[in-house]
Amino acid sequence: MLAVNMSENKTDVPYGTLDLLILKTLETMGPMHGYRIARRIEQVAENLLRLNQGSVYPALMRLEQQGWIRTQWGISETKRKVKFYSLTRAGSKQLSVEVANWERTTALVARFLEAES
Amino acid sequence: MNLRWAVARLAALFRKRNLDRELEDEIRAHLELAERDAIARGLTPEEARQAARRSFGGIEQMKEDHRDHRGVRWMENLLRDFRYGMASLARDPGFAAVAVGLLALGIGANAAMFSILDAVLLKPLPFPEPERMVRVWEAPPHSLPNVTSTLTFLDWKRQDSVFEALSVERSTRAAVGTGGDPARFPGKLVSADYFQVFGVKPRIGRTFAAGEDQPGAAPVVVLNYSFWQTRFGGDPEVLKRDLKLDGEPHRIIGVLPAGSFDRDEAVFWKPVIFAPGQMNREQHWLPAVGRLRAGVSLEQARSKMSILRSSLAGVMPSGKKEWGFAVDPFAQMLVGDTLRRTIYLAFGAVLMVLLIACANVANLTLAKGATRRKEMALRAALGASRGRLIGQLLTESLVLCLLGGAAGVAVAYVLLRAAAPLLAASLPFTADLSLDLRVLGFAAAAVMAVLILAGLLPSLQTSFGKLSHSLNQSARGSSGSSATLRRTIVIGEVAASVVLICGAALLLKSLMKLQQVDAGVRIDHVITMTADLPSTAYPSAESAARFYDAVVQRLRAVPGVEQASVSLDLPLQGVRWGESISLPGVTKTFHVDLKLVDPWYFDTLQIPLKSGRGIEDRDRAGAPPVVVINEEVARQLASSYGVANPVGRIVTIDVPGYGPVPESLVNLQIVGVIRSERTGGLHRPQGTVAYLPLAQAPRQDIKLVVRTRSDPLAAMTGIREAVRQVDSNLPLGDVRTMEQVKERSMLWAKQPTWVVGAFAGVAALLAALGLYGVLAHAVTQQRREIGIRMALGARPGDVLSYVLRSAFSMLIVGLAVGLAGAFGLTRVLKSLLFNVSALDPVALAVACVLMSLVGILAAWIPASRAARVDPIAVLRDEG
Numbered sequence: 001m002l003a004v005n006m007s008e009n010k011t012d013v014p015y016g017t018l019d020l021l022i023l024k025t026l027e028t029m030g031p032m033h034g035y036r037i038a039r040r041i042e043q044v045a046e047n048l049l050r051l052n053q054g055s056v057y058p059a060l061m062r063l064e065q066q067g068w069i070r071t072q073w074g075i076s077e078t079k080r081k082v083k084f085y086s087l088t089r090a091g092s093k094q095l096s097v098e099v100a101n102w103e104r105t106t107a108l109v110a111r112f113l114e115a116e117s
Numbered sequence: 001m002n003l004r005w006a007v008a009r010l011a012a013l014f015r016k017r018n019l020d021r022e023l024e025d026e027i028r029a030h031l032e033l034a035e036r037d038a039i040a041r042g043l044t045p046e047e048a049r050q051a052a053r054r055s056f057g058g059i060e061q062m063k064e065d066h067r068d069h070r071g072v073r074w075m076e077n078l079l080r081d082f083r084y085g086m087a088s089l090a091r092d093p094g095f096a097a098v099a100v101g102l103l104a105l106g107i108g109a110n111a112a113m114f115s116i117l118d119a120v121l122l123k124p125l126p127f128p129e130p131e132r133m134v135r136v137w138e139a140p141p142h143s144l145p146n147v148t149s150t151l152t153f154l155d156w157k158r159q160d161s162v163f164e165a166l167s168v169e170r171s172t173r174a175a176v177g178t179g180g181d182p183a184r185f186p187g188k189l190v191s192a193d194y195f196q197v198f199g200v201k202p203r204i205g206r207t208f209a210a211g212e213d214q215p216g217a218a219p220v221v222v223l224n225y226s227f228w229q230t231r232f233g234g235d236p237e238v239l240k241r242d243l244k245l246d247g248e249p250h251r252i253i254g255v256l257p258a259g260s261f262d263r264d265e266a267v268f269w270k271p272v273i274f275a276p277g278q279m280n281r282e283q284h285w286l287p288a289v290g291r292l293r294a295g296v297s298l299e300q301a302r303s304k305m306s307i308l309r310s311s312l313a314g315v316m317p318s319g320k321k322e323w324g325f326a327v328d329p330f331a332q333m334l335v336g337d338t339l340r341r342t343i344y345l346a347f348g349a350v351l352m353v354l355l356i357a358c359a360n361v362a363n364l365t366l367a368k369g370a371t372r373r374k375e376m377a378l379r380a381a382l383g384a385s386r387g388r389l390i391g392q393l394l395t396e397s398l399v400l401c402l403l404g405g406a407a408g409v410a411v412a413y414v415l416l417r418a419a420a421p422l423l424a425a426s427l428p429f430t431a432d433l434s435l436d437l438r439v440l441g442f443a444a445a446a447v448m449a450v451l452i453l454a455g456l457l458p459s460l461q462t463s464f465g466k467l468s469h470s471l472n473q474s475a476r477g478s479s480g481s482s483a484t485l486r487r488t489i490v491i492g493e494v495a496a497s498v499v500l501i502c503g504a505a506l507l508l509k510s511l512m513k514l515q516q517v518d519a520g521v522r523i524d525h526v527i528t529m530t531a532d533l534p535s536t537a538y539p540s541a542e543s544a545a546r547f548y549d550a551v552v553q554r555l556r557a558v559p560g561v562e563q564a565s566v567s568l569d570l571p572l573q574g575v576r577w578g579e580s581i582s583l584p585g586v587t588k589t590f591h592v593d594l595k596l597v598d599p600w601y602f603d604t605l606q607i608p609l610k611s612g613r614g615i616e617d618r619d620r621a622g623a624p625p626v627v628v629i630n631e632e633v634a635r636q637l638a639s640s641y642g643v644a645n646p647v648g649r650i651v652t653i654d655v656p657g658y659g660p661v662p663e664s665l666v667n668l669q670i671v672g673v674i675r676s677e678r679t680g681g682l683h684r685p686q687g688t689v690a691y692l693p694l695a696q697a698p699r700q701d702i703k704l705v706v707r708t709r710s711d712p713l714a715a716m717t718g719i720r721e722a723v724r725q726v727d728s729n730l731p732l733g734d735v736r737t738m739e740q741v742k743e744r745s746m747l748w749a750k751q752p753t754w755v756v757g758a759f760a761g762v763a764a765l766l767a768a769l770g771l772y773g774v775l776a777h778a779v780t781q782q783r784r785e786i787g788i789r790m791a792l793g794a795r796p797g798d799v800l801s802y803v804l805r806s807a808f809s810m811l812i813v814g815l816a817v818g819l820a821g822a823f824g825l826t827r828v829l830k831s832l833l834f835n836v837s838a839l840d841p842v843a844l845a846v847a848c849v850l851m852s853l854v855g856i857l858a859a860w861i862p863a864s865r866a867a868r869v870d871p872i873a874v875l876r877d878e879g
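Note that the protein sequences, when read in sequence, are chains A and B. So the first sequence is residues 1 to 117, counted in the numbering used here. So the second sequence is residues 1 to 879, counted in the numbering used here.
Keep in mind the hints are simulated off the structure, nothing from the lab. Virtual Cβ for every residue (Gly too), placed ideally from N, Cα, C. It cannot be assumed that every hint is accurate.
Claimed, not checked - SDA-like, lysine to any residue: derived pairs with alpha carbons at most 20 Å apart:
#, chain 1, residue 1, chain 2, residue 2
1, B, Lys157, B, Arg21
2, B, Lys63, A, Ala110
3, A, Lys79, B, Lys157
4, B, Lys201, B, Val296
5, A, Lys79, B, Val296
Claimed, not checked - Counterexamples of contact, computed for chain A against chain B with all Cβ distances above 10 Å:
#, residue
6, Asn52
7, Met61
8, Glu77
9, Val82
10, Ser92
11, Glu114
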């Protein structure tokens with residue numbers, strides 16, 4: 001799912017964070033289809049992130065298997081039948097867990113980096 | 001890995017095509033949307049298409065990623081191999097049937113045996129906190145523990161800090177119901193808190209309440225489940241009914257749950273109420289079971305009981321000053337040493353059979369593998385990894401093993417259903433033989449073990465051989481390494497069989513020696529039965545004595561009956577009563593078993609007198625008390641007391657009373673010495689036995705012994721009629737000829753012999769099958785070589801001996817290895833052998849000869865087929 005880094009000031013999606021980004025996106029934006037999710041992540045990241053849009057699909061499938069998101073069939077702007085993804089209750093619980101984890105981890109790393117300097 | 005996730009993944013396996021299409025659709029929609037946005041930004045359609053693709057990333061790579069996460073890759077392979085394995089088995093149904101049959105036999109026998117082992121030895125007792133359950137005894141020094149007396153039991157019961165519950169558990173019998181059916185049923189006399197000891201709640205109704213074992217309490221009874229079912233048809237209204245026990249109505253207050261209490265002998269339980277005459281410390285009649293208070297260890301209980309014993313020193317009878325109190329775990333008493341050894345032995349034997357069955361399946365798979373080497377080589381050449389090839393072969397073995405395992409569980413079920421009633425008498429009542437989860441788990445473990453043993457080796461062999469070599473070579477000769485492996489496996493099978501046959505031969509020889517032991521009594525043409533005189537009809541010693549006289553009179557008049565007698569115990573079944581014997585004025589005592597017999601006992605069983613006289617008709621109540629001793633007592637008197645001629649001497653023995661009357665010290669005159677009869681097991685040295693006239697010490701639970709002129713069973717009708725004329729309500733139980741009594745006394749030796757013997761037979765057959773398989777395969781593969789040899793002048797006899805030599809080489813090595821194994825392992829047998837060394841040369845030689853014969857028979861078929869090879873036909877085939 002990680003892409004070749006083609007521009008020096010863009011990073012790949014850090015390992016394991018794509019799930020978090022997707023869950024957060026669905027929480028703020030409500031149900032949306034795969035393309036919109038990928039675009040939304042790119043927009044929020046404002047060119048800081050190098051994302052292969054395709055990599056959201058395996059991630060979505062994984063999240064669905066965990067029961068954190070669910071799918072419904074809908075019609076896209078191009079009049080095509082597509083899957084719309086939305087957060088389940090277990091998903092929003094999971095999101096808060098992952099956010100807390102993330103904050104703890106970054107706080108820990110930050111503290112180490114401060115102690116080093 | 002939660003359940004939902006697992007289910008989703010499994011579901012994905014089966015929805016593969018749908019999911020792929022859905023993914024395609026999503027990708028297409030995604031790219032369209034991306035193109036549309038790009039065109040909106042001002043790109044040309046062509047540029048927009050490329051930009052959309054670029055930002056999407058590698059499509060194929062993503063799809064793979066999607067699939068990998070979606071389903072389970074190895075699972076997909078597994079399923080494919082599984083289907084392939086099924087198909088390949090279906091193509092060769094003969095192989096499949098033999099392999100599955102072998103595995104079913106092996107796994108089934110093992111699962112059944114494990115169920116027995118588990119139920120008897122491994123599983124905790126089926127009661128809550130079984131480690132708190134104990135038996136409590138009085139323990140004479142240097143002797144087996146003894147049951148206790150009423151007053152001592154009541155002292156124990158007051159030990160609240162030690163026991164949460166303590167109960168009497170005394171077997172009894174009672175005629176149940178009214179009229180017509182005089183059958184007597186076994187039951188138990190217990191204290192009110194008996195079921196607290198076992199922690200058992202009733203299925204319906206209640207168990208005994210405190211106080212129901214006190215004088216004046218209304219008579220109540222608790223039934224077991226099977227009695228409730230058979231006698232009352234499971235009627236829940238049974239609680240409103242009474243059960244007549246020996247004519248006295250008892251209110252049915254509860255029914256126990258199905259299970260352990262159905263396998264115990266008793267069908268009813270009623271409170272024991274002590275009579276004033278039983279309030280003493282002389283009469284030892286109460287076995288006790290207890291439940292320790294939570295937190296009280298066995299050690300603490302023992303030390304508190306020994307403190308209690310010291311405090312009771314002043315009130316204990318003079319002859320029992322040395323006795324202590326013993327507390328033993330309840331479980332310890334349930335399984336005897338012999339049973340434990342027998343079960344381990346049988347389990348070991350059945351494991352061997354499984355190993356041999358595995359070896360056979362491995363051999364079959366190898367033989368099949370040899371013909372599949374080309375297929376494997378081709379697959380390898382086309383790029384299949386070695387791991388995948390092994391995986392595929394293992395999966396095929398897995399299919400075999402799973403089928404074998406499933407059939408094995410069915411075999412185990414059938415075996416257990418067939419064996420349970422046969423084994424019931426030998427196993428403790430707590431042993432529930434069933435195919436529970438533990439047994440199924442064991443069967444699954446066996447399947448895995450078999451898979452590794454019978455599947456891994458052949459798959460490694462087939463896939464690791466020089467595959468390219470196989471492609472070039474036309475499969476003419478047998479491939480070297482595979483043949484060596486198969487021969488090694490056969491040697492192993494022969495060795496394992498030899499170990500089992502040696503064990504069986506040793507046990508059989510031991511059994512034969514046991515059978516030759518002289519029981520000291522007439523065995524043929526003697527029939528025995530039990531009778532139990534109910535207290536209601538026979539309230540006094542005199543009434544019982546009158547019955548003995550009358551019944552013997554009547555029995556003698558039955559046509560075909562030569563002699564009849566009444567006795568408390570039968571030969572070979574042990575003696576229930578033991579006391580110490582002493583000479584007046586001498587403090588030293590020794591133990592004698594007490595047999596109470598009527599004047600015709602010695603004559604009926606043809607036990608000869610050595611000196612003095614036997615018990616005679618004049619030795620009745622009121623006449624001077626007499627005793628007859630066996631040779632061991634005479635020897636003991638001579639060696640310990642210097643009494644050379646015991647006849648005429650006076651000895652002192654505690655003589656049991658009738659019914660609730662306690663025993664009392666009596667001075668008896670020795671009037672004769674008889675040649676010892678075997679009172680206990682044939683394998684044990686005969687102990688000291690004193691015979692008292694039954695008329696001077698009558699008992700209710702008696703045996704009738706009748707000697708007949710012709711077939712003793714044929715005389716039973718007349719015997720029953722004779723007894724009915726004396727007492728029409730008295731049922732006769734346990735009708736057995738002396739031959740049957742003798743056989744039963746040897747059960748401990750017979751069971752392991754037949755079990756190991758049967759398994760040894762199966763093992764030998766399987767080994768023979770293995771040998772046959774290898775030789776037949778070799779002959780098929782070497783047809784051409786044999787044909788050429790014959791064309792060059794070899795005679796059929798040469799070919800025959802060539803194949804047989806090859807069989808011999810395997811047999812000899814197998815025998816050598818097997819004998820070495822037997823030397824190592826038969827030590828296990830030592831304790832089950834009687835008068836036979838575990839290295840008995842005759843038994844071991846017989847085992848080797850048997851195995852060799854079976855082996856040669858197995859080799860003869862392929863050898864003679866080789867000798868019949870037609871060289872012309874073979875060479876033409878090659879053309």
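Okay, the hints, checked on the actual structure:
A C-alpha spacing of about 79 Å is found between Lys157(B) and Arg21(B), which places the hinted pair above 20 Å, so the restraint is violated. At most 20 Å may separate the alpha-carbon atoms for a hinted pair to count; Lys63(B) and Ala110(A) exceed this at roughly 37 Å. For the proposed pair Lys79(A) and Lys157(B), the alpha carbon gap of about 89 Å is over 20 Å, so the pair is violated. Simply put, Lys201(B) and Val296(B) have alpha-carbon atoms about 23 Å apart, too far for the 20 Å limit, and the pair is violated.
As the CA atoms of Lys79(A) and Val296(B) are separated by approximately 79 Å, the hinted pair breaks the 20 Å bound. Non-interface call for Asn52(A) relative to chain B: violated, since the shortest CB-CB distance, roughly 3 Å, does not exceed 10 Å. Once the 10 Å rule is applied to beta carbons, Met61(A) is inconsistent with being away from chain B; the minimum gap is 6 Å. For Glu77(A), the condition that its CB be more than 10 Å from all CB atoms of chain B is violated, with the nearest at approximately 6 Å.
For Val82(A), the requirement that its beta carbon stay farther than 10 Å from each beta carbon of chain B is not met, with the minimum near 4 Å. No Cβ of chain B approaches the Cβ of Ser92(A) within 10 Å, the least distance being about 17 Å, so the stated non-interface status holds. Glu114(A), annotated as away from the interface, keeps every beta carbon of chain B farther than 10 Å; the closest lies near 37 Å.
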